[in-house]
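Produce the entire structure from the sequences given, and follow the hints as far as they go.
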Amino acid sequence: MNPHIDFHALAPEIVLAATLVVVLVADLLLPDRERWQTSRLATIGVLAAFVPVITLAVDGADRSMFGGAYVVDNYALAFKGFFILVAYVVLLMSVDYISEGDYYQGEFYFVLLTSVLGMSVMGSARDLVSIFIALETITMPTFVLAGWRKHDTKSNEAAIKYLIIGVLSSALMLYGMSLVYGMSGSTLLTDIGAFVAKGGTPPLMIVAMFLTIAGFAFKVSAVPFHFWVPDTYEGAPTPVTAFLSVASKAGGFAALVSIVFVGFYPDKGAWQPTLWVLAAASMTLGNLTALRQTNIVRMLAYSSIAQGGFILVPLAVAGESASAANSAREAVIIYLLIYGAMNLGAFAVVMALARRTRSGEISSYAGLMQYSPGLALVMSAFMFSLAGVPPLAGWFAKFVMFRAVIDAATPAAVTLGVIAAVNSVIAFFYYVGVVRQMWLQPAPEGTEDRPVRIPMALSSALAITTVVVVVVGVYPQVFAKIGELARLGG
Amino acid sequence: MALNQFLILAAFLFGTGVYGVVARRNGVLMLMSVELMLQAVNINLVAFSAFLHDVSGQVFALFVITVAAAEVGVGLAIILLIYRNLGSPDLDRVEQLKG
Amino acid sequence: MLDLAWIIPVIPAVSFVLILLFGKRMPRGGSEIGVAALAAAFVLSCLTAYQWIQRVEDATGAHGALSAFGRGLRASTGEEVVVHPVVHGFTWFQSGGMKFQAGIQIDGLSVLLLFVVTLVSLLVHIYSTAYLAGDRRYTHYFAALSLFTTSMLTLVVAHNTLQLLVGWELVGLCSFMLIGHWWEEQPNSDAALKAFFTTRTGDIGLMIGIIVAFFAAGQTFDIVATNQAALEVAGGHTIWLVAASCLLIGIIGKSGQFPLHTWLPDAMAGPTPVSALIHAATMVVAGVYLGARVYPVFWEGFSISAGGVNAMALIGGITIIIGALLAFVQDDIKKVLAYSTISQLGYMVMGLGVGAWTAAVFHLFTHAFFKALLFLGAGSVSHSGSHHSFDMKRDMGGLRRYMPTTFWTFMIATAALCGIFPFAGFWSKDEILVTAGQGGFTFFLWVGLVGAALTAAYMTRCVYLTFFGEFRGHGEPHESPRAITVPLVVLAVFSALAGLLNAVPFGIEKFKEWVEPTFAFPHVVHPDFSYAWASVSVIAALAAIAAAVFWFVREEQLGALRGLTGRNRAAGAAYTFLENKYYLDHLYTGVVVGSIKGPIARAAYWVNQNVIDGVLNGTAYLARRAARFTYDVLDQGVVDGAVNGIAAQTGEAGGLLRSVQSGRIQRYALLLFAAVGVLSLGLYVFN
Amino acid sequence: MNWFDSWALTLAVFIPLVGMAVVLFIPRDEETALKTTALVATAASLAVGIAILFRFDYDKSGLQMVVDKPWIDVIHSRYHVGIDGISLPLLLMTMVVTVGCVVYSWNHFPHPHNPKAFLALTLLLETGMLGTFVAQDLILFFIFFEVVLLPMYFMIAVWGGPRREYASLKFFLFTLFGSALMLLSFLALYWKLGTFDIVALTELGGGELVRSTQMLIFAGMFVGFAIKVPMFPFHTWLPDAHTEAPTVGSVLLAAVLLKLGTYGFVRIALPVLPDAAREWAPWIGLLAVIGIIYGALGCLAQHDMKRLIAFSSVAHMGFVMLGIATLTTFGINAAIFGMVAHGLITGMLFFVAGSIQERYETREMSRLGGLLTQAPRLGWIFGFLCMASLGLPGLAGFWGEFPAILSSYNPAAGVSEVTFRAYMVVAAIGTVLAAGYLLWMLQRVAFGTVKDEFKDLHVHDVHVPEWIAWIPLILLIVALGIYPNLIFRVTDGSVGHVLRAFGG
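Chains as they are written, first to last, in this note's numbering: chain C, 1 to 490; chain Y, 491 to 589; chain W, 590 to 1276; chain U, 1277 to 1780.
These are computed hints drawn from the structure, not numbers from a lab.
Hints are supplied without guarantee of correctness; some may be wrong.
Using 25 Å as the maximum straight-line C-alpha spacing, the simulated DSS-like pairs for lysine-lysine come out as follows [as the list claims (entries may be wrong)]: (1) U/K1345 x C/K481; (2) U/K1468 x U/K1345; (3) C/K198 x C/K268; (4) W/K924 x W/K982; (5) C/K481 x U/K1468; (6) C/K198 x Y/K588; (7) W/K688 x U/K1336; (8) Y/K588 x C/K150.
Partial selection, computed: residues in chain W whose CB lies under 8 Å from chain U [stated by the list, open to error]: (9) T680; (10) F704; (11) L754; (12) E758; (13) F785; (14) M796; (15) A1215.
So these bits of chain Y aren't anywhere near chain W, every CB distance computed over 12 Å [stated by the list, open to error]: (16) A513; (17) E525; (18) V545.
C-beta atoms are modelled at their ideal positions from N, C-alpha and C, and glycine is treated no differently.
Pasting the structure below:
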């Protein structure tokens, strides 16, 4: 069998792969002083990878390869585009952080780009094997990234916890996948879907599906697979944390959505309850624990667990009807896009401020409004957006989530909706807590009364995320359209 | 041999791995236990592949072996770092981050 | 002028604005604006009255107004002649597709009130320029007077009940402002609050009454339409009974009727001219005016034509007696007059209640003059005689010699109030009594008679204490300046002669002719004059005077019985006894112990202060307690506490969950596997 | 002039936003420039408002100056704005009050000063408020409704009194909880009836919806709006928010924000779900009259002026809600009048309370007294406002109260008459209590003599900016009181049009 290869369809991955090779080579060749150039190369490569995404989107045709294991449809493109842009913003955030620290530069970008490459593949993966490979390509570099500050015991700890839990989850998932394969006789998601659609799913198959989903629950940091999240987020370098909380999580969702919608969809009884429990537990535990955090990164970690729970809500009710499935898919995609912008923004602020205060404590935000009003304003915008207050983008994310719930309209769905509503209210407390520190508390004694100096690249990252959060909040059509178009192809 | 026997063996192996992860404090041994779990998966895959007369299961198993090797590599590297910084591979002592 | 009568209320309104803006900069502090405006308004009112009379005369066939002062009877013997009121309006607001108008309704009743209000107000303005000279808020005072006049005139010319309500509340506001004119002292502002609050309580009734009448009359506030509907008993008797009862509550509040009368004596805390204008002549009769204005509502609602007893007459009757009894035990001259006003208002309300419409309105008319005169006289006494005190026992006495004009005018007013022939009060009070007798309300006839006797007695005491005996105050009493005495004289003339306008035995029934509506009005009783009852009431009054004088002189030897023959001789006799240096003690024992009324009056006063007023104060107290409870326990405790409690619990839960994140990898792994086990088991069972 | 018709509302709503953007780019030390910009922006918006006033066709009962453009296609939500007689008075009132607020703040920004942020928030607030009154799409309405939330939160939280953190958070959470429920109801409507368009939904009038569904959806909207109004028992955020908010915040909160809730009832809840409204009306009425009495009792228990005025809002909004609950044109006309009147009067009361606090640095009524001797003009304005607030005829307050009471004698068909007549009596008693607490406050603050501690204090009478800010409001209170048709004429047709489901 000589598989047909569509190079246009693979162009984003090819560009990314080429870039990471170039970065690696450049790192070897360039003298120490010139190493920062690697960041420039990486940035250019990422932006270049965005070009074929556009051309493919303009072209519009669904492309399928390897017997349906690798599909480039609008859904895949939406995710690819998203991952590439997130990578771009993360690169902007990393440039100064990495070059100012005593770290290897070229390798950092190489490893980061490898993970992005995995994500790009993940968008298209429609086969258990390719999903597994994509997932590991995403995850493995991030183990390394989490432990990047290798002389810092916290960084070590972050990495090992991440790794152990990650590998365990992989094992669970693989065990599940092996059983799924055994039951259905195929690794192709479409075949699995056909098998499940026949009805009378054997109990072992249900357990297998559950274990598979459990593996992704780790990636999307759903409770109870979340234990690594706060510890790893806190210990890892901040740009990496931002990357983990957005890109890595979105990768998990990309896989979860395709597995659920293409593979498991017909037997809703097998996967809906699992997702229901995961969603409810993630929202509730994430929010409640976040309430008591004093460290901003840990708070954001728990917040991202809770946000993951919100994203799971539409999935957990997607099986009720075709319209519910449609709005659930839209909701997940739109929520992810918006979540990406606001969470990256929040981490960018954390990094910007840490340059001044060298502290991750929420109390170090006191009085920010007095000496750096711009930064305080932007951070408030992100916090309120995460809380879901109109007219900042977060409201629309919550809105589409609730719309999916209402579309399903079963008692279970409504119950989950109520849990989500209560949780949205709880979430305010800790988001507003940060805002309160910035606006209401006086700056500590001896604070310099001049704005925090923010490097160019980081400011660009802030600007991009802020613009997205405000524009999408006022004119959600921008993202809504993407959500609507991003249908899963055949 | 019946398929069930392979599956039971795999399940047993998997359970042993789980026990090892939970009970061991040494980082290297934990990694080994995880390796056991992955081998259980491989047994499953190969067994199914044989019984289904479908090659993709074996392909899958090859990938799993590769990835497992890589994972253990990264894991050992990190444990090495911890050993250097803390003077012990004992993961019980890695508990700075909590709450 | 009939069509342009809206100008009359506008004039003082303009004056109000002008005084507010420029008053302080005027040489006389704005008072000149007020006086000028009122003079103009008075002239226009006279003109309006003249034209109205002409209109009536034209309709009844006679030509030339005021042409024949004795021809009225003949003119009304023919068939019913209907004189429509003059009504004009503009769209005030629209709602629910309906348009509601504001405007004027000019007929005999409103013309009468226009005349009374502008005249008394003008005189009070003039009087005040002297009385309040040098006051700390002179300008403000005149602004308030102008505003009051505007409001009162608005009320008077209103052609619908809603507009009437507007005027009604606004006069209440002015009353509040003027009672509290010297608000630095707590009692004054307390009195102002009490007045406003109490009348507002009555206004609940008024408001609901207006609403009920609005719907009963087919969704209109229009007074004429309401009256017509009431006469047709549209919608059944019950709804009109409800409307009448509610409106009666409004009257009770505003016109100081039992049991909401307690604010009126307290209202004397205001400047005396204000008491004369607002709390005697005009504002307090707003209630009576309302009763007269929508009389058919009461007529049908209380079935007045059936006779017997009805709420309105009963309230009026009780008030007559209560007020009169309370007047006995006051040492403050203004309080005596205040209780007297309550009592007299009782006459009017009772008059309406017994079907004596014309008589009640007539009494309103005459009372305005003589009671204003009494108050202004009292003011004159305190201004120039008693050094700004109103305490009859401590600071007055013997002022007759020092202030003759004040004395004589006061005597005329007293005579009018006591119903002595031929002073104004005689005619109006007598007509009420006679109508009650002939309309089937015999009981109220007797109540009225007793009230008349009591009135005569307490007024005797009052005059006696003020003008006779020896001067007990300090300083140099002297006659008041012109600005004060001229209004007194003018009012005295009216007090003496106004009664002749409706002197039935002389064949003059101008009130029936000019004032009583001929359109949308029930067939009220027009009694024949009864010489018998007239004599009885006069004799009763004289006997009461005599008795009062007798009690003052009982323990003395000189010329005891000479005082019984008449007022002057009584005064003379009293004078003799005032020479006695032990007079005070004797008088005190005489009044308190000797008088038959003493104990009763005391009891009534006790009840008044402790029970009725106590209920009022108690209500306020309870409201405050309820408020405390509601706020502290319910609001802050339960409603708010629930919210705060939930917030606290949520925080606790967060703390608990934190401890799960122990930091140990094995623990994490264990939890993970446990969760997987539990979940897969659950899923297995679930499927 | 078609150009004007299609741009007027958008301009009016977004000019303040542009102003805010400009303010953000002016350095914070350029205070005069900042203030001028804010004033120009609010005044420009007001100018557009006045132009609308002239352009408006008062004989048309439907929407005018409509703009209907695509916005969020995915959920079929559109940028649909328009104005009718219900919105117009509220829109204009908002503009006037906001200009007043900017002028009032001219020389006294509350601690911690920072005029730049303060003015930016005020302008943002104005956009939100104006937008809410013109939005004709549920989602658009929701967005504007929520835009108001943040600036007000910051106003209370940053420039507020000692307990500002607690108060602001409470305000925020209460309102947000309400809007979440409201949004849920909107979604349910969309799911059932397929549109977010208010006009279309009004046409449908509930459509084929099952009764129980209607009831539930209405209940959700009810809670959302009732929290904003606020009705008993959702009112507890209000006294705290008012007490702690800076003067301008209190004014805007009382004058405009509370109206968003009642406006929501009139614009959305009643016309869209008429049958449910009919079912719920007695309960709404009940809560309204409880609010009237409860608010009044709350007032009587206060020592703090601002808190008292805040509680009086609960009572006054009770009258508004009573009018709405009757479901009659008469009652709702009264309610709209009541909204405007309460906005002007209570807004002014908060202005004055703020000025008193600024002068004496206390709001404890037991410590105040004799205001009339130290600052007679301020004192008389205060007295005037108390009178207006207690519903004295001839001033604006009366026309919100009396017609509301009147309409409850005869509620719409299908609503229990007996119940509402009982409410009428209770509401009438409420007017007396209102007189009680307001006069009591007046007596303790303005009458009597100055307490010893303030004997030697130099108290400045009304300042020039205060005059400029207040005179228009005072004149409006008088003008509306004397000639109520100024508003009734505008609202009557539109109310009848919107409420045609209730048979007028």
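Structure-based check of all given hints:
1. U/K1345 x C/K481: holds, 16 Å
2. U/K1468 x U/K1345: Between U/K1468 and U/K1345 the Cα gap is close to 23 Å, so the pair holds against 25 Å.
3. C/K198 x C/K268: holds, 13 Å
4. W/K924 x W/K982: holds, 13 Å
5. C/K481 x U/K1468: holds, 23 Å
6. C/K198 x Y/K588: violated, 47 Å
7. W/K688 x U/K1336: It holds: about 17 Å lies between the C-alpha atoms, which stays within 25 Å.
8. Y/K588 x C/K150: holds, 19 Å
9. T680: For W/T680, the interface hint holds, since the closest Cβ of chain U sits about 6 Å away, which is under 8 Å.
10. F704: With a minimum Cβ separation of about 24 Å from chain U (threshold 8 Å), the hint on W/F704 is violated.
11. L754: With a minimum Cβ separation of about 6 Å from chain U (threshold 8 Å), the hint on W/L754 holds.
12. E758: Holds - the Cβ of W/E758 comes within 8 Å of chain U, reaching about 5 Å at its closest.
13. F785: Where the cut-off is 8 Å and the nearest Cβ of chain U is about 6 Å from W/F785, the hint holds.
14. M796: holds, 5 Å
15. A1215: holds, 6 Å
16. A513: violated, 8 Å
17. E525: holds, 15 Å
18. V545: Answer for Y/V545: holds, closest chain W Cβ roughly 30 Å.
Hints 6, 10, 16 from the earlier list are contradicted by this structure; the remaining hints agree with it.
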